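*Asks:* Spelled out from the first residue to the last, the chains are:
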Amino acid sequence: MQLLRSIGQIIVRPTAAVAVALLVGGILLIFAGYSPLTAYGVMWKGAFGSMNNIAETLLKSTPLILIGSGLAVAFRSGIWNIGAEGQLYAGAVAATLAGIIFTGLPAFILVPVVLVAGALSGALWGGLAGFLKVRFGASEIVTTIMLNFLAIIATSFLVTGPMIEEVGKFPQTAQIAEAAHLPRILVPTRLHVGFLLSLGVAAVTYLLLFKSSRGYALRTVGISPDAARYAGINVGRGLLAAMAISGGAAGLAGAVEVSGLTFRLYQGISPGYGFDGIAVALLANNNPIGVIFTGILFGALRSGSEVMQMNAQVPSVLVSVIQGVVLLSAAAFGVFKITITNKQNEE
Amino acid sequence: MEPLAIITFLAAVLAATWRLATPFIFTSLGEVFSERAGVLNIGLEGVMLIGAFTAFAVTFFTGNPVWGLVAAMTGGLTCGLLFALLTVSLKANQIVVGAAFNLVGLGLTSFLYRSVFSGRMETAREYHSFSPIEIPLLSRLPFFGEILFRQNIMVYATPFVVLAGAFLLYRTAFGLSVRSTGEHPRTVDSAGLRVGVIRYASVLIGCALAAVGGAYLTVAHTNQFNEGITSGRGFIALAVVVIGRWSPWGAFFVSLLFGFFYALQLRLQAVSGITIPYQFLQALPYLLTLVVFVTLRKRAAPPSALGVPYKSS
Amino acid sequence: MSETIIKLENMVKTFSGTVANRGVSLEIRKGEIHCLLGENGAGKTVLMSIVYGLYQPDSGRIIYRGEPIVLRSPKDAIKRGIGMVHQHFMLVPTLTVSENIILGQYPPWKILRQMDKVETRIEKLSREFGLKIDPKAPVHRLSVGEQQRVEILKALYQGVDLLILDEPTAVLTPQESAALLHFLKEMAGRGLTVIFITHKLEEVMQVSDRVTVLRDGRKVETVDTAEVNPRKLANLMVGREVLLEQPPKTGAEGEEVLSVKDLSIDDERGLPAVKGVSFSVKSGEIVGIAGVSGNGQSELALGLTGLASIASGEFRLCGKIANDLTPRELSHLGLAHVPEDRHKMGVVLPFSIAENFILHDFDSPPFAKNGFLRTGTITAHANEMVGRYDVRLSGVEQQIAQLSGGNQQKVVIARELHRNPRLLLVNEPTRGIDIGATEFVRRQIAAQRDTGSAVLLISSDLEELFALSDRLLIFYEGRIVGETPARKELIEEIGLLMAGKSMETNSVTK
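Residue numbers (my numbering), protein chains in the order written: chain A, 95 to 441; chain B, -8 to 304; chain C, 21 to 530.
Hint data in this document are derived by calculation from the structure and do not stem from the laboratory.
One thing to keep in mind: the hints can contain errors.
Said to hold, decoys possible - Derived DSS-like pairs: lysine-lysine, alpha-carbon spacing no greater than 30 Å straight-line:
#1 Lys144(C) to Lys156(C)
#2 Lys302(B) to Lys137(C)
#3 Lys302(B) to Lys82(B)
#4 Lys295(C) to Lys82(B)
#5 Lys205(C) to Lys305(A)
#6 Lys152(C) to Lys130(C)
#7 Lys305(A) to Lys364(C)
#8 Lys137(C) to Lys95(C)
#9 Lys82(B) to Lys95(C)
#10 Lys152(C) to Lys302(B)
#11 Lys95(C) to Lys27(C)
#12 Lys137(C) to Lys99(C)
#13 Lys302(B) to Lys144(C)
#14 Lys205(C) to Lys252(C)
#15 Lys205(C) to Lys220(C)
#16 Lys302(B) to Lys389(C)
Claimed, not checked - Residues of chain A placed beyond 12 Å of chain C at every Cβ, according to the derived structure:
#17 Thr197
#18 Thr254
#19 Leu302
#20 Gly309
#21 Gly316
#22 Ile317
#23 Tyr360
Since we're looking at a predicted model, the values are computed, not measured.
For glycine and all other residues, C-beta sits at the position ideal for the given N, C-alpha and C.
The shape of chain A in the complex, shown without the other chains (with noise of 0.2 Å):
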């Protein structure tokens, strides 16, 4: 019964939402002067139209369902981390860097080497912004958007200077090494582990924050830090914690992207997933398990759209409006019944 409810929960709004955002695509999409139905049929078509299609949607997933496991965790910890996007760079770098170092290394310990570069990375990057609002109470959702400028450009200065590729004049670093490659699951699509990976992520994040009594404790400064401290929960801590575990699985999902895909660094190496992990987390109602679904929606939504682009010339933009429709209309049905909880933080 429980069961069911929650299942209808996770299933039935987010539906009821992602249909009114077609719905919303398709008159804008009239009001451009495209078919909607053309144009829709392009895009499923190009999101599961074939095996490649599928792969490319699930690669697209990736970075999305990691980054959506991670904030799930930061958001139930009641800390609003917007800066999965700068965490995702973060991570990149410290990948690249390392991919591009210890060249001399053996695939098995390579490849663990770049993921935990990334991830660590990408934890640090977030706990710096959970540092700032334990220790001087500032507000984590102006400091991590700071953070996000800041890791972007500082990746912009990487690749146009101290990492751009020793030949050739574009603003990239060399390929990293062949060891430092994520093995591919779906010859000959591009479909890696990496895809594996986050599925694992988001089970073990889902463990972390409902099974475990760090989970607990996680939950419990997230609705009421009044009530951790009273039960004896160190509350910095855990919003320390909570910044850096999803930090981390945003820095992890940039390892993954260079290690897995890229396999160099260059500017504009996310197209706005840390922005697409928010809605996807949301979504999801901060539930894991339901990130995977909305990490493979959104992933759908946005290789399809590039299809869509490429096929039907419709520009492939449109999938940022049916996004955000769709977390509108899910804020409409009521789909989040999480609020503001961190108040009692700023001192």
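Please arrange chains B and C on chain A, whose structure you already have, making use of the hints.
*Replies:* Below, chains B and C without anything else, positioned relative to chain A:
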């Protein structure tokens, strides 16, 4: 640099300061109202973009930036209505709705720009934006002439708009109710006022001004639109409100400070002979925001009911 | 006597399933002081909120000055001369007195240029009615008594004919209460009609002309005050003979469990709240802390439980210096704490009842193993506890938010007493809960004392302190200004101490 060159450089930076501060001033002033009434709108970036695009499109077709500005305000009010409907009436989470506004703002304006204007771009008609008005005599003053008296009408308007905003907030019964609503909505309810109506009004003011702030970029600062033209200004405006301690004049002066960071960064990039990578200069405003924010944050207290939906019974 | 000013006919009001008023009819005469008496949850406040336009009744009619009226919002009520002073003040702390008073009085476009005119009018009013106040002072700087004056001035400024006061003396010292009652009598003499919500029998006897008793959302009876006595009223209110006395203490006092020396604690703004207090609590005794709320009691509780830092001095728990211990370390030393604000601290509202039972032990056996929660054990434990402590629920997986206040408090009490603490700190244990739960909670506290625990009881309810404590410490402005036996005959003296009027002869513990 020579002393004279330094003065010229400084004058150029300061003149650009006010110009670059203007979108922050409008947007953050509006957000002061919204937050004072207890509604946090992190979707300012999206609203600014919608303002920027509407102003651009209408000016493009009518040739008159005044109509563009009117259209932007209409667009802003529409955004405000939707935002208030969701967050005030339906009590949806303000951060979720704000994040969605940013997605929709960016997506909608880029989509329309590409699909409506992409064909016309080869023959991109130039349109007239608000041009600088030189104040007779004063504009010829050395140094100050360039800084203060050769700006366009929207820049000149800022202190008056802020003055009006401060008057509204501190000297009218409406302002009193706004300030009370963000602090203690139940009291407002019990005094026979409608918390919802006051929040709607404040959110509408907030979004209308954010749209004007965005419009400034397309009908005064430049005469074109490009995707994501606001480039994060809506987020900076959020920080401005906090650092300016939720007061209209605070927002005005903090905006000027950020305008100065931007101007300095842009001007330094133009100076030849400086070998700092441009990204360092680019990072300057964000880095300074962070530093100022962290160091000043401690003494300010946000409205107590900020972000909390109000349930009347 | 005189004409009827307001008449309620068959008022019914339901909140998501729970009925607050089940058809109440009531007549109030012009110029009388009419008490509305009843326990917590009897429906007094809801009924009056309807009269003030805050709630709309499901059915029923209001007849005001002979005409049926509909009150859609407080604005309608205010326009007709109905004012209300709420139990929790409706004041904006950041605004000044005069800004608070004129809030909602003028149309939105009205320019507030002449605040000094407003201030003069307020000053005139405050002189006329003897309610001294500085109109320019920001409200958060005022004492509780002064804030209440602002509330009353607000009503007078609006020109009320009918003033409703909801438990106005709850936050006042006995002397302040007496002054307020005197003031209301005088106002009634000038033609003001007063409805006075209370659950204190003595106040009813002192101030009212007539009294209506509510129980369980129904009107029991309206009687002339002159024709009843407190015992009769108590019976009407509770519906049975009440046992006002608590069972006598059975155990003996033992060694010192808590000793506090020159302890100072700052409040959250960093201002001194507790200023060098010293006292001790022995096992087997209940020490009550009396005082008007806001005199440092909350900070004392937070400081002694590791939730606020100690500015200076020291306290020992079971002989160990405990100044810098965390809440968790203190609880391992044998401290249990029933916090003042149940919703903010005592329970996690969106959690299930079972989850709330493990708030302190979520990461230790038997509830956790290898870092994971053991759901079966947690559920079993919760089931056992709710049975033992008579918590009324439909299942332990239910959200605790769905329980009544009394049942929530039983969960807290059960959780804390189950630890069999050496020191039990209870802060306002029965605030806002029904009389059945109150009796239960008090009996549990007394029983815990009798098993040898030391109990520190903080309460703003003198009745409760007399019923439970073995001795009383009186707090005023962060200091202990007196120590007395917990005997009702001393109420006069205690009241004076609570008001800061220390007598030369009191025995200050040093």
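*Asks:* Each hint needs a verdict: does it hold in this structure or not?
*Replies:* Taking the hints in turn, this is what the structure says about them:
1. Lys144(C) to Lys156(C): Holds, because 14 Å separates the two Cα atoms, which is no more than 30 Å.
2. Lys302(B) to Lys137(C): violated (35 Å)
3. Lys302(B) to Lys82(B): holds (8 Å)
4. Lys295(C) to Lys82(B): violated (44 Å)
5. Lys205(C) to Lys305(A): violated (61 Å)
6. Lys152(C) to Lys130(C): holds (28 Å)
7. Lys305(A) to Lys364(C): Status holds; Cα separation ~24 Å.
8. Lys137(C) to Lys95(C): holds (23 Å)
9. Lys82(B) to Lys95(C): holds (24 Å)
10. Lys152(C) to Lys302(B): violated (35 Å)
11. Lys95(C) to Lys27(C): holds (19 Å)
12. Lys137(C) to Lys99(C): holds (22 Å)
13. Lys302(B) to Lys144(C): This hinted pair is violated, its Cα atoms lying about 37 Å apart.
14. Lys205(C) to Lys252(C): holds (24 Å)
15. Lys205(C) to Lys220(C): OK: Lys205(C) and Lys220(C) at ~17 Å, within 30 Å.
16. Lys302(B) to Lys389(C): violated (41 Å)
17. Thr197: holds (38 Å)
18. Thr254: holds (45 Å)
19. Leu302: Label violated. Min Cβ-Cβ 9 Å, cutoff 12 Å.
20. Gly309: violated (8 Å)
21. Gly316: violated (10 Å)
22. Ile317: Since the minimum Cβ distance to chain C is about 5 Å, Ile317(A) lies within 12 Å and the statement is violated.
23. Tyr360: Given a closest Cβ separation of 40 Å, the condition holds.
Hint violations for this structure: numbers 2, 4, 5, 10, 13, 16, 19, 20, 21, 22, all remaining hints satisfied.
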